[in-house]
Every structure is written in C-alpha cells, then in structure tokens.
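Protein chains in written order, with the numbering used here: chain A, 1 to 215; chain B, 1 to 626.
Incorrect hints may appear among the rest.
Simulated coverage check for chain B against chain A, where a stretch passes if three residues somewhere in it have a Cβ under 8 Å from a Cβ of chain A [said to hold, decoys possible]:
| hint | segment |
| --- | --- |
| 1 | 26 to 39 |
| 2 | 82 to 93 |
| 3 | 574 to 586 |
Hints listed in this document are in silico derivations from the structure and should not be mistaken for laboratory results. Beta carbons are placed, not taken as given, at the ideal position from N, Cα and C, and that holds for glycine.
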Amino acid sequence: MCLALVSCAPAQIKPGPATPLQPTGVRPQDRAPKEPARLVPPEAYLRTYLALFGAASPSEAQKLARASDNGQLFDNWNDYLSALGFPDHRNDLPRANQTNALMVASFERLGIALCDRAVERDLRGPTETRQLFKFSADTDNISVFKTHFDILHRAFLGYPLDLAPADRAAKFYALYETIVLHHGEKGLKSRFTPAEAGWANVCYGLSRHPEFHLY
Amino acid sequence: MRRRYGWLSFVVCLLCAQHVASAAPGKTLDAYRHFRAISIDLVGRAPNPAELAAFERPHFDLDAWIDKQLGTPAYADRLARIYFDLLRLEVGPAFTYAPQVTTLHRQQILGPDGKPLYIYFRHNQRRERPETDGELCLTAAESGIALLPNNQVRGTPIAVSQKVLSARTTVVKPWWLYRDFAEPMPMMLYRQLWAPDPLFQPVDELVTDPDQRPTVEIRVCNEEAQTAPMGHIFTTGRNGPPVPQPGRVRPLPVDDGYAKQHKGEAISCRSALALNMSVDCGCGPGLQFCLPGSDGGNDPRAFALPAHTPLGLEQPLDSTPQSVSNWYKRWWSEEALHYLTYLFSNDRDIRELLTGRYSMVNGPLVQFYRAGEPAGCCGREKNFGMTVEAEPLFDAKNLPEMEPSDLGWRVVADRGAHAAGLLTMPVFLTKYASRRARGAVLYNAFLCKSFLSGNAQLQPSTEPNLMIRPGCATCHATLEPLAAYFSRVEETQWIYLPEWYFPLRNFTCRKNGQGKMAGGCDTFYDPAFSNGQSGLLRGAYASLDHAASGPVGAAEAVTAAPEFAGCAARRITESFLGRALTEDDTPLLETLTTTLTKNGYRPRALVRALVRSQIYRHANNSKASP
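This is chain B alone, in the form it adopts within the complex:
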C-alpha cells in the first residue's frame, strides 16, 4: 500500500513538473531574475521551489512580499553584515586578554593517597604566608614542585599531606560544573543533571579528574576561593629591593609606596589591585568572577568554541578548544553583532550605530562586565586616586542577572552615561586600539572620507603638534581633533578616565624646573603639551572640547555631520549593488539619502526603495550564458 502511494505521489510530482515547465503568464526573465536577486539579498539565499511557485501565482504582490522580508532576521543579518564587514569587528591573535585577577590556572599535584590531584590558583596571588606569597599556595617542600614562569614545573611531585591540603586549599563546586553553583548545596552537575547550551563546552581537562572520572568538585587555594566583594590593602613591612629567597621561585614581594600609604584601606575585589595588594580577595561564590584555565600558562585553554561561524553561532562548524582570551574576544564580537542585528531588525535610527546607549549581553558578557572588564583597572590609575573604575563605559549596575554559562541574549536598555553605540564596546576599543585609529575609522566608515596625503616636502621637525607640522598637517589637522574625542578612554583598553581623577589640565602633573613631571604622570599626561602650570591629558591637545565630550561627543558630531546620511545610504547601496558607486549613481544616491532622512534615519525604507530601483534590478550583467 505504502509503495503504491509512493508511486502515486511520484506521478503527481511528474505532472506538477510538466505543469511548471513553462513560465508563468506575464512573468519575464527579468522579473524572475529580480525576484531571485531580492531573495538572495533579503532572504539570504536563492528562492526554493515553493517560493518560486508563489511568485508565479497571478496575483503575487511583490511589494507586499518585500515588506514581509524587511521584517525578517535574514534582512537584519544582511544589513548587520555591511557594517560588520566595514569595521571588521573581530580581534586578532596579536591581542590577548587574560587578566591575572580573573584567570584561574590548574596544576597537577599528588594527593595524600599518592594519586594525582588538580589544584587551582591565580598567578601572583598575594598570601599571608611569606613562603607562598605571590606563588602557588603549597611550597616546594610540601608538594615537591615549584612553578616556574612560562608554564614550567621544577621538581618531582610528592604526596601532599592531608593536613597541609586541608589547611591551604578549599573544595569548591564552581560555576562551570554546576548550574546552581550559587545555592548552598549545588546539585545540577554538568552533563548529568544540567544540559547547558550546546555552545557551552568547557575543555575536557576542566570537567575530568586525573583518573578520567567526571569532576564533581575542585580544590582551590584558600585565597582564591574567598567570596567577599571587598578586601583590604595588605602590607608586610618588607621594604627595599626584592631579594631571592631559598625555596621560592621569585623574590618575596615588597610593599610599594601606595600600599604603605593606604595600609588597611578597603578595595574592590574586582579591580586589578585586588590580586597584588590584598590577601582577602578571591574569585567570589562558586568562583563566578574567574575563568578557569587548563594549565599554568598565561592564556590557558578554557572552553571549546567554533573556529568559524559563517552563518552565525546558531549554525556553528567544528568546535576547537580556545583560550581564556579567545573566550572573551568571541563574546565581545558577538555583542557588536547582536547590537547591529537588534538595531536593524527593529528598524531603529541608523545613527544609533554610534549613539545608542543600549546593548545586548549574554552570561559570558555579564561575567566579563562584572569581573573581566574592571580587572583592567587600576594599577597605574591608583596614583591618581582611582582604585576602582569610577565611571565605566558599561555600568555593571545595569546588567541583568545571568549565570556565566547562560548563552541566551538580553537587551540592556542603558549601558550608562558614557555609552556610545559601537564606539564604546570592548571589541571596537581593542580592534582600534589607539585614539588615532578610532578617529580614523569614524572618518572613513561613517563619513565615507579618506585621509589622502598632500604633496608636501617632508622636513625633519621637532614640532609635536601634528596639525601644523609640515607634511603631517594635511591629514592630522582633521585626524587629531577626531582622536581627541577618545582622550578619556585608555588606549588598547576601555577604562574611562573621569574628570574628577584626570582633569584635562592637571596641576599635579605640571613640569618642574627641570622640565620633568611627577612620577606616573607621563602615562596619562603628555609632556610635549604640558608646562609649568599644568599637565595636559594625552590626546587632548587638538581640542579640549572634544576631549571633554568623549566618545558620546564623537557620536553626536559624526551623526550630525552632513555627510553621515549620504554615507550610510552609500554603504548600503554599494553592498546591494556589489560595486562601488560612481558619479552616474548620484541621482539614485541622493534619492535614497532623502528617503533615509525623511523616514527618521530608519533604513528599511531605504532598502525598500533600493531593491525596487532600476539600477538594482539591472545591477548584474545578465548576458545569456550557455
């Protein structure tokens, strides 16, 4: 019976095929090609047989169909790709980010029974016991090994006594093993009672004990296992240059000037100071503020991630183990991509590319903004009184409650007063690490302008002001004021330098009689533009107003520029036509720019007009092929 029905359906299929063998009445080759082109651009693929059949129906309404497609995720993805390509918002391998304060390392020792055991610790962790201060919490005499730089181990492991192990380490059920790690008695063990998002894959070493059984709990050095949000500045009374000590790999840490002056003061356990200046700051409950690494290297392996995602993370290719740094970088990139997709899928004002204060986050990003991001501050900044990030670009108070393993996405309505679209996202600030790189990409990507060198004769010069130095001025007269907008955001970083701690003109950083600035000043203040009255914040010399207004000011200025709307229309049009625009396209570009601005800078109207235009319809050389 089943076989007979199969044959019947085959006959029906043949009849259908016979039926569709000719073109639908009134449908020309040009119409078919136009439909296919729009489908490729708005659906993201060529039309399938069902879609073609719908197109061939007599009363098919192309306009209604286009409007429907303009509301789909495929359309948002298509537009997001334009700006993602333009800004190339993925950070390359040359940049690594694995802060010591948030990176746990793993070392194999021998347990009391002589069997291998893993112990987790942080590099440079301060400890009260001098023998282990700044090193592993077990001495070489206790464990038989000493950890050298570059992930090298010296010595032969010996069984650590139960007494020492219990005294120096704590058993923890960490966040990457338990979904309910914050509960008093975590039960939902990874892969047993908890099936996380398929993309959440700790590397095998992190979920497998040395005897190859699934890990159910881990041992962590006591200091790292602490849970308090605040710690205190720790001093030892040790002064002078560090001297080598027997039994230690490195000299004992000594108290620096800041620690001596601020002994016992409270500090945030999330700042970079927590690791080097306190003994009572750890990784928080369930180690939620740290990322685990599978070895002792500076950027250890942590989680498996797809090496390539040509169609997005929802359709990943093969996963490979990635380092702590790559884990962060992947989610930075995804934040920008989700931001773009959100903007275009909701047909929001395209100026929000630069001005939007909202963003999208998932669990790893929440973890990053709570712990990884503030961990970039405040080693150098403490000399100016800033021991914790005072005005972060993403205010952690606005983050939703999400577990670090939760890979779903949520909208954050407001990141904070200094947020400015893509410009204040970690991926942008690390991809374009310098003030000038940030200014240049704004000029190029959003105003469609390039810096072209003039035909000037280059002469040796000591002129620090590039806006007037011969040979440099052609470009830098424009670039330096743009770069000035980023004076308050540290280069290669995202730390915002607030006015309270870092005034544009700082009396403390004035030059003395010998032309020198106070210690630590030249990191943030530029000696070339400072004088006996004050130091000038680096990058601000071109425009104090721009420096004061920060990235938010940059966003406002660029989006208010007369070129912005035309540039946005040009970027989208060039992508859809698959070629650069020429003078002949000026009428189309002007029409589309007007369409964009008249519709409140919402790009959907522009795209609707573009795909119905004759230039789009005939954008491809459709000469007949064999």
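So here's chain A without its partners, still in its complex pose:
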C-alpha cells in the first residue's frame, strides 16, 4: 500500500539554471512590407495641384483659390505645408511618408478649393480656356457621363476610365445623380447649378481618391 502511494505521488520538479534554447534550424524570417502604399511626395502633389488648377505658382494658386471669399475655401499655403508632409529642416521635422488624419483633412480642403474654383472658371467660362472640366456640365445619361468622367479620371489618376474597376463609372454616376437630384433641397443655398454641383462632387471624389495620393 505504502509502495503504491509513493509510486503515485507527483514527481517534484526543481528549478534549474536557465539555459538558452538551442536552435533546431535557422530560417530567415521575411518581415518585409511588400508593396506598401507609396505616398506621392508633397512637392509632386503640390506641382500636380498647380497643374490641375492651371496656376503657374503656389502664390498664384492661392490668389485664385481665395478669390473674393478670403479664407472660406482656402486659407494659406503656409498653413498647409506641414500638414501635407513637407519637412521643416529648420526645426528638424522630417517629411511625412505616411498619411495621417490632418494630412487627409488637408487633401480634402485643398481638393474642394480646387474643384469649386475649377467649376466656376471652367464650366462657366469660355471653352478654349478650360483647364480641368473640358466639357459641358449638362449630363443626362451615363454614356455622356462616362465620356466626361474619363477626362477627369485621366487628369487625376493618370489612366483611362476603361482600365479602372468595372463599377467605378457607375458609382461616380450614382454620386453625380444623387447630388443633382437633391440639389437645393431644404432651401439650402448654393452658388452652383445642380449639374455644376454634381461635377464638383465628382471632382471631390477624385481629388480624395487613394490612387491620386499614392503612386
């Protein structure tokens, strides 16, 4: 009986000196972030913005963007530079290689300023001086929309619409139609006609598109 009890008692495991585990094999671990998002450098973003705006310099773009609205649409380049990721070497602040909330908000505000001014200038101005909206605002079916949208698509994203995902045109057309349909509801005042507001929103969508900010 005693022998049986002794034999069934749990074995005591005493602590011993810690020894490093011996590797059984070495295999390199691939921790490389493959194909990450590559952000367009802020200088390239700014130059692209100026080209879309049709301005020769940042100060000219600022003047055009502010127009007679003061800072309602556009504040001041000096306010946007650090948010856009420009480095500040004087204060040892490096350039931002990844987006952040403030940067995205700045893209949004700059995009709205660009699109609104482009609508005012292009869709109401003479056809020969149009920079961005090189077409008539009137769009009554998706076929015409696609033709016009392709012009904007190339300008912002750098490739034709027919190489984009198949439903992109439909989604943007739905956006356009929704804006046009509900324009002026609830008595809200707008400086735009329904069609102008529709194209302005399509333009907003492209100016905030990930493919516009990545490359």
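Once you have looked at the hints, place chain B on chain A.
Just chain B, lined up with the frame of chain A:
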C-alpha cells in the same frame, strides 16, 4: 464669329475626349501606373494630358523618355532632396549669426531742424573721442539720448546741431539703396532706376525716411563709414579695470594686453579685431561689407524673405521680414542646395558630395565670404598670432565679382585647399556644430551605419579617453577618430586652425608644474590630453593623422570606404521606393551599387536602372480602389 469658333473648338474637344476614352492599344494599367510613377519621380508631378497623349502613341519610347527626364532640373531637384532631407541643411532659430563688425544698427535722433533723422552705427565701435568710444558717435549731451543694452533708449531726443552732425557723421549712398553704389556718383536708386531681383527686399524701414519718403541717402557715424581695407591697432593708454564714467552708458574701454604689445600694427578691417581694436576700420565703400539693421537690437530686421519655399526660391510663398542672422542662414542653406543640384544636374561623381572643391555663390554669399565669414575670427585666435583667418575654408580670392544684391548664381571652380564638398560649408558646420556631431552624421548619412550602445555596465570613471572608458567605448572607439578629422575646424564655426599657428602638439601650451596651461590655451588645447611637454589640440587625441588631414581627409576616407557606394545606392533606392530596404532587396541593391560604381559613381545610370526595375514598378500597393 469668335463665339462660333469657340463652339467649334468645344466640339473638337468633345470628339477628342470621345477618342481618348479608351486605353491605347497595348497599354496596360500597369504601364500607365509605371509611367505616372516615373513622371512623379523624374518630372516632379503627375503627367498632364499632353504627356499622357504622347505616352499613348504607338511608338512611344519609354527608355528615350526616361533618358530625357534624367537631364532635367526636376531630376536634379529630386536627387538633391534626398540628401537635403538626410542632412536637414537648414539652421534652426537657436543659432544666430549677426557679427558686430558687419552689422549696422539704426537709431532715430532729431536733426538740426528738429525733425526725426536716422543714424547708422555699429555696436562697440571704437572711436578716438573718449566720450563716444565703444558707443554711439553722439553723446547724450549732443543727442539727448543714450543707448542702453537690449535695444533700450534712455532720455528725450533733442535736436542735434548741424555742426555736430557734420563733424560726427557721414552721408553715404549704401549698397542696398543703389545698384551702382561703387561709382563716384551713384544714380540707380532702389525701385526708381533700379529694379532688383524680386527676392531682394530690404525691409521698409531701411528704404523709407521718418517722413515716409523714399530714402535716397543715409547718415552713418564717421568710423563706420570708412573705406580702407586695413586699419591699425588703437591704444588709449587707459589701463586697469574699467570704471563707470558720467555721461556714458558703459565704462570706457581699456587697452588689453594684446593691444599694448602690438600698438599701431596693421590689421585687416574684415576681422573681428577691427571693431574692438581699431578706429580706422569701417564698412567699406557703400557700406558693402556690412548688413543694415532696422533697430538697435543684436539681431535686427534687415530683409524680407519667404518664410517657406516648398518648390524652391523660384516659386516663393509670402515674404516676411527676417533678421540679419536669418538672411545669412538662408543663403548658407541655398548654397548647399545649389551645390547638390549642380552635382546631380551635371551627373557628377557622387563622391563629390564630400570631396568637391567647387561651390555655387550669389551676391549675398560673396558678401558673406568677403566680410561675414572672416568676421568670426580672430578674437581668441590672436593670442596664437592669428589676427586674420590665415587659411579659410573658402578662399575669398576665388570669389567672383558680384554685388551683394545680385541674387543670380555662379559656379566657383575651387574654394581652396581645405574645401571638402558639403563638409566645409557654413550650413553644415553650424547645423552640426561639434566635432562629434560632424563625425556622427558622416557615419550615418554616408556609410548608412548607426551607433548602437553596447550592453555595458556604466561605472563612474575619470578616464578622459572615451575610446576606452567602459560603457562609452562601444560607440566612441569609432566616433572619436571620425570627430578628429574636424579638430582643425572650430566648433560652432568655420574657422580653420592652420598648422602654422595651431600645431597639433604645442610646446607653448604645455602644462606647468601646477598642471596649468598658459592663458588662452585651454580654448584650443585639451588639458586632459596635454602634459609637461606639449598641449594637444582639442579633439585630436583619437587620431593625430585624422586631425592633420582635416575635413579633406574625412571626405577621402569616407568615400573610399567599401560601404560608401552601397550606402549611396541605398539612399536613392529607398527614396524612390518610399520605404526602407530589407534583406529581400539585397539583389537589387547589389545590382544598383555595381551600376553606380561601374559608371564612375555617376548616379544617373543608377536611377535609370532603378526606375526600370520590377521592384520600382510594383513598389506601390495598387489594389483596386472604388
């Protein structure tokens, strides 16, 4: 008619739009994205419609297009930005440079007619008249005011008599008001007959009289208005500790030991000694060796400059008034940027980042290297016999003739024997002010190595040699020899300490029986490594050879290191891929490094190979977005 043609062009435009609505034959989405990526990196922006149309043509030659872009300023700017980001070559607000010998201050007094009048002067200017020696050239009795430190004024202005004004001041047509200030009768007045570069904007106070009319000439204290290049050491016979004097703000200056020993000797009017030791040194013809300030503060406002230049000075944003110091610092920074741009636009050997003896200058930099740079010397150095910078890093003899207001750029083929690429530029030497900071940035930026502390137990130690002190040696065994290369360049400065005046081992600075060195020695010689036989130049203890070879030796050693080419390839590749390289990128990096070295270290071939590589082509996660 015009309206009809407008409609016609609109129809044509629509037809064009209809025509380009589909992708060009044979052009895939991947090809479009690749073209856009290269455009962003080499043109500096996304492709415009015309460029896209060219790309879509059937026989578009991408290789030829890439080669064309590699010769553009946009490409040079793209590469320059890599090293500018890496070295952060702008000096921050904590560092100011407004030497007293080159900074004119402005004070309002009352003229003989009782109307306000501006007078320009330098702080601490020595004058023969004891009442004004070291102060404003008008006494409190003459002007009613006394200038206190910190830009404060005591007293109430009274009209200065015409006799006193004529006796104490000189009328000058200065360089910032006249393009032809060096002529006997300057005529080309600012904004009237002279339209300078739009970036050259003296602050309004400097070009406007108290009555708000444009300034056509200014009044300067006589001593400051002098034009001789050389002056003489001035002594007064005053000895002992300075004592306060009635009617003066500060005690009368007394003769220091050096002045007594060298009384009457000639000195350069461009050195720091000129202000404190002579009464016959001024700011030169048209005040060309001084910068004007709008007030009496130590770093007064001088010129308006853009606060930000995200696309370079050619496309500035709003300008704001900047101080004398910021004027200098801006051009130091621009010198480095233009140097980088010149190197990359001409596809020069990338080792010239560190070894190039050439540089680029404009008018403000010429003015700086002629007057501002030597003004940093030789208050402390005179005790070793150096009263003027003997071997400057940028030899002023090699400078082109340019007016201080000329903002165009010119290449200087050779700065001098001690020039070493970016390493001897003022912006580098002030951004990286200490010997160790300079050595560390070399190690990190150009060899892609970092200092990683070991797992050593730190113990209290009196060991001055950091290369062997426990806990420090891990890093300093490498860092100290690198820092030694900069032993001959003063910290926070650019003054080169030549062998003739500052031997590495200096018998004069040996320790005496009490373990003390002679006066003034410990500024330049390190007591911790000196002994009874000689003093040892600061920073040189780690390697006398490195100290002797100076920044030029550092440049040669770093560019000859086996890591240099690979590091240069890594810096450029990481910038173009937008991420740090990993082990998986090793084959690409090796290929690009070989491409760089086989092409004489000229980076254009590397970039050409990089933008055609599959890794670059697929560097972005291009999953379809809505």
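Hint-by-hint comparison with the structure:
Here the segment 26 to 39 of chain B counts 8 residues with a CB under 8 Å from a CB of chain A, which clears the bar of 3, and the coverage holds. Residue count for the segment 82 to 93 of chain B with a Cβ under 8 Å from a Cβ of chain A: 8. That meets the three needed, and the coverage hint holds. Coverage of the segment 574 to 586 of chain B by chain A holds [criterion: at least 3 residues with CB-CB distance below 8 Å; count 7].
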